[in-house]
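Protein chains: 2
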Amino acid sequence: TNKQFQKSVENIEYCQSKIKDLDIKEMEEMKNTAQKYSDYKKIHFDERNKIIRNELPHFWKTAFVNHPQIEELLTEEDVESIDYLVDLYVEDFEDIRAGYFLHFEFSTNPYFTNTVITKEYHLMDKNHKVLGKKEPISVSSEIKWKPDMDLLAKKKKDKKKRKTFSAFFSWFTDNEDPASDELAEVIKEDLWLNPLQYFLDIEAD
Amino acid sequence: TNKQFQKSVENIEYCQSKIKDLDIKEMEEMKNTAQKYSDYKKIHFDERNKIIRNELPHFWKTAFVNHPQIEELLTEEDVESIDYLVDLYVEDFEDIRAGYFLHFEFSTNPYFTNTVITKEYHLMDKNHKVLGKKEPISVSSEIKWKPDMDLLAKKKKDKKKRKTFSAFFSWFTDNEDPASDELAEVIKEDLWLNPLQYFLDIEAD
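Protein chains in written order, with my numbering: chain A, 1 to 205; chain B, 1 to 205.
A couple of the hints might just be wrong.
Pairs involving identical chains hold if they fit within one copy or between any two copies, as the list cannot separate such chains.
[Stated by the list, open to error] Quick list of in silico lysine-lysine cross-link-like pairs, DSS-like style, CA-CA up to 30 Å:
no.	residue 1	residue 2
1	Lys42	Lys25
2	Lys188	Lys25
3	Lys41	Lys61
4	Lys188	Lys31
5	Lys31	Lys41
6	Lys20	Lys31
7	Lys41	Lys3
8	Lys7	Lys25
9	Lys50	Lys31
10	Lys42	Lys3
11	Lys50	Lys18
12	Lys31	Lys18
13	Lys7	Lys188
14	Lys25	Lys36
I should point out that these hints are in silico values taken from the structure, not numbers from a laboratory.
Remember, predicted model here, so these are calculated numbers, not experimental data.
So that you can see chain A by itself, here it is in the shape it has in the complex (with noise of 0.2 Å):
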């Protein structure tokens, strides 16, 4: 009958709401865990960056030096500047799955002015849903170019003799297409996970 037909469907109703439930419950469980472990992990980022900032000079621009993905992208003009860079540190958003800040701290430099660069990756929509397979969006810092050092101004300095280009700041400030921002990924996914082989140029393990 149409009462029993209804009364089923409601018991399923009932499953589905305990199975809704519980994918909640279970979701918040792993943003707890992630943001647990994170802050664990980052007091030892943390000492290995002030390791790496205070013994070890051109720690990072040896690393992206030989890191054979990060190397490809490089002009001279870049491992120049990237020499200046004294501390890249991933930092994740609030909520882990929101998204995350890649920073970049350079020492006093002769291109720009400011002391840290940040690119930040967004990773969730307004509604606080996770980006499956829609695009993520990404922001970065506008960067302070001294005069006549912009390395992003693509026409020839007379002056110079050279042209200055950048492939690293021209990564830096594309925020055109996030979601297939590979350097994004190798620096996040590999080279700050694990710095020192690409410093020692080694085999990683």
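Dock chain B against the given chain A, drawing on the hints supplied.
Relative to the frame of chain A, chain B by itself:
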């Protein structure tokens, strides 16, 4: 000096080993959480499937036919055979990251003698590493067709004056390219999670 350099490198290695340990613990904890909730949810999925099987005849056929992506694929022959589907269930591997099964349970039917046919998806390689960008592997049960009832035999059966063909069973037996197996995705991530909306042919909330 070289000794200082060596010491700094060792200190970084120590940080990296701590980070690696935390990564392993995090993965373990994530796996345990996923498994715990999978068990919790299974109770409700089982209850739901019991109601479907015992109280709502033609449930799965109706849901299949009303599902916009699945419906596109179904031939008349498929719809006839799928009406014998009494239970659909998705089962995770013991290690939930390693893969999953799609089980299709049929009542006695004119087409084949199997009771349950299963298609399984392996998402990890031999070293128990989750297959990231690597290809998954799928394996399907052998279907024991009754004489002259093979829905995959494409040649015209003169006796019955019809072409027997099934897009559903073609998909089921095709393990060539599991990475782009959209039907498996739809079954696992949509139809299985909430089939009621398709059974009732209502808008999803």
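How the hints compare with the structure:
no.: 1; hint: Lys42 with Lys25; result: both (26 Å within a copy, 15 Å between copies)
no.: 2; hint: Lys188 with Lys25; result: both (28 Å within a copy, 20 Å between copies)
no.: 3; hint: Lys41 with Lys61; result: within (24 Å within a copy, 50 Å between copies)
no.: 4; hint: Lys188 with Lys31; result: both (19 Å within a copy, 22 Å between copies)
no.: 5; hint: Lys31 with Lys41; result: both (15 Å within a copy, 19 Å between copies)
no.: 6; hint: Lys20 with Lys31; result: both (17 Å within a copy, 19 Å between copies)
no.: 7; hint: Lys41 with Lys3; result: between (57 Å within a copy, 27 Å between copies)
no.: 8; hint: Lys7 with Lys25; result: within (27 Å within a copy, 45 Å between copies)
no.: 9; hint: Lys50 with Lys31; result: within (28 Å within a copy, 33 Å between copies)
no.: 10; hint: Lys42 with Lys3; result: between (58 Å within a copy, 27 Å between copies)
no.: 11; hint: Lys50 with Lys18; result: between (48 Å within a copy, 16 Å between copies)
no.: 12; hint: Lys31 with Lys18; result: both (20 Å within a copy, 21 Å between copies)
no.: 13; hint: Lys7 with Lys188; result: between (52 Å within a copy, 26 Å between copies)
no.: 14; hint: Lys25 with Lys36; result: both (16 Å within a copy, 11 Å between copies)
The structure fails none of the hints (numbered hints given earlier).
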